[in-house]
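Q: Starting from the structure of chain V, add chain G where the hints point.
In the order they appear, the protein sequences are chains V and G. Taking this note's numbering, the leading residue of the first sequence gets 1, the next gets one more, and so forth. Taking this note's numbering, the leading residue of the second sequence gets 1, the next gets one more, and so forth.
Calculated directly from the structure, the hints in this document are not laboratory data. Wrong hints could be hidden among the right ones.
Identical chains share a label here; the pair holds if one copy fits it or two copies do between them.
As the list claims (entries may be wrong) - No farther apart than 20 Å at their CA atoms in a straight line, the calculated lysine to aspartate or glutamate pairs in the EDC-like style are these: (1) Lys-301 - Asp-353; (2) Lys-225 - Asp-353; (3) Lys-225 - Glu-146; (4) Lys-301 - Asp-268; (5) Lys-205 - Asp-354; (6) Lys-301 - Glu-279; (7) Lys-301 - Asp-99; (8) Lys-225 - Glu-215; (9) Lys-225 - Asp-354.
The model shown is predicted, which means the values in this text are computed figures rather than measured ones.
2 protein chains.
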Amino acid sequence: MIIEDRTRSAEEAGPADSPVPVEAVRAFIADALAACGLPPADAAVVAQRMIDADLAGIDTHGIARLPQYVPWLRRGTINPRPTIRIAERGPATAVVDGDNGMGHLVMTLAAETAIALAREAGVGWVGARRSNHAGAGGVYAALALEHGMIGIYGAASSANHMAVSGGAEPMLGTNPIAVAIPAGEEPPVVLDIATSVSSFGAIRKHMLEGRPIPEGWVIDRTEGKPITDPERAAEGTLLPIGGYKGSGLALVIGLLAGPLNRAAFGRDVQDFGGDRDRETNTGQFVIALDVARFLPLPVFKAEIDRHIRDLRNSQRLPGVERIRVPGGERSRRMRERLRDGVPLTAALLRQLDDVAAQLGIAPLRAR
Amino acid sequence: MIIEDRTRSAEEAGPADSPVPVEAVRAFIADALAACGLPPADAAVVAQRMIDADLAGIDTHGIARLPQYVPWLRRGTINPRPTIRIAERGPATAVVDGDNGMGHLVMTLAAETAIALAREAGVGWVGARRSNHAGAGGVYAALALEHGMIGIYGAASSANHMAVSGGAEPMLGTNPIAVAIPAGEEPPVVLDIATSVSSFGAIRKHMLEGRPIPEGWVIDRTEGKPITDPERAAEGTLLPIGGYKGSGLALVIGLLAGPLNRAAFGRDVQDFGGDRDRETNTGQFVIALDVARFLPLPVFKAEIDRHIRDLRNSQRLPGVERIRVPGGERSRRMRERLRDGVPLTAALLRQLDDVAAQLGIAPLRAR
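One chain only, chain V, in its complex shape (with noise of 0.2 Å):
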């Protein structure tokens, strides 16, 4: 049986090193964008969107990808200075187009026009395209929870490492979904899942430690057999959770993300890796929806810490010590890094030691 109840930070993180004030990160991530371009106030919305990642606990996708982003932004891969706008437009329904520019940008200033749709239809659907890689889903469907309001994020990922149940070819995404519920005492809860059963995360750290991958969270792309090998991971093709409905959830949140905001979505995505040179034209969505439309707020939450309770303190399988609601961890991580910094790898301490030198900024050590 299966009992992997956990944020990925849990099966992704390398070893943690001593943690770092939040605001000495959030200072460097702000200072290395400025650096390459951003207007000040868009580098400090960028850094507090990588920053929400790291404090949720989602490692791999806070300041773990300023390293990958600093090249685009520096060759232009990336707008540094892009003109977003909102080129769609209906009562409760908007389309940003991100001219490019980070993701991070462009799906905040998505999710507020959701937020601000709802206050006033109830429910705000916005897509959003031209945009780029905006970090953890999870963190733009929690900004609509302070609004007493539910979040819903869905993405076209920027590479394919999925195939349609049966193919053989990389054509989808491992397209995430998120959903931010609001409660009352209990921590709210915060969904963020990608479609495929494992991450290249998860992979790379058993490449890290030698150790083989389980058979199904891979195949290869000739005979379909499982690849345990973790350093053979990228001969073949991730697997979507479910067979044939995770590729099918994969496929539809794909083609709301991509096609219908005019983004890219199976063959229109390539994947440049680190030598990106060119527009992703990266699709999202993220959805407000407003509590009070439906019921009162308190009544709401009351409801949602009730039954949070109910399934923690239901029986357990024996070996299982908490019954873990999702966004529950989320929340007790985000009071210990607020309070205790972030943990980052001696790795990646070592990765923005460069960038610093790269841009010319104050590394993070010495803040």
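A: Chain G alone, transformed into the frame defined by chain V:
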């Protein structure tokens, strides 16, 4: 590796008997429901929704459910003459109070309301409470298609068969999600999945055939060990797709369909099976999204066609005859069954004879 791109009927349907013309099925269902006290107009709507499921090939969710509905209606467990009303309404949201009527009626009104709201606002999100089993979710998502809209459906099942990840108690339904996306010349994309790996229908089929069920479908409630004897499946809990991921999906779909609409979830849900003697307070939701608010519908349809063809023509794994995009089989079956009739098993036909005798209506085989 897993190749299971097929609709539920393919695994769940028993051996097919001679097909019955669609008009005979429709008249039989409508007569049976009218004999249970439904007004003729309501009986016609429910009959159409049940036939929609049978036409789509979801044999477990169409006329096959009639023998279950009839005693509930006669006993008043489901209200045959409900006053279904819109209890809350915003510019783009609504909540339907189903007055414990047939779920098919409630969700038809919910879908129509969502479509009307989306016509005005771009998106419409309509929840339902005091509803009941509505058959196949894909049917309600697909109602949006002819309006040039995308449809999404979710439900908090009226019985709990899954545990939360790590849990031993069935606290969650196999809460389904369905998404329908219009295409041009290609069949629309229609995904309709439960969040469990298998369904009770599939387990029943293994039971009838005397075959063990695969590991990974059901675990027992004390040790968490696989149950492979289909006769013992009811002692266990169904496993979600992708472990904690599917458990999380079932949770958030359930919260959006249940508590947000003041409908049942978690401990509120009690499975009375055939002896059900009180209202289920089933909750569902349906979303309609007007494509034209994002881009011109013909442009979107052409893009969806292109992507469907790219996927279908992508490289296949050995042994895979063709790649199936969700919705393709549905369209093929609809054409076939509209022409040839609906194949019904001998066992179901016998059950329907009993229904006819009980209600004093002409049996299906005599029509």
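Q: Output the numbers, in ascending order, of every earlier hint that fails for this structure.
A: 1, 2, 3, 5, 6, 7, 9
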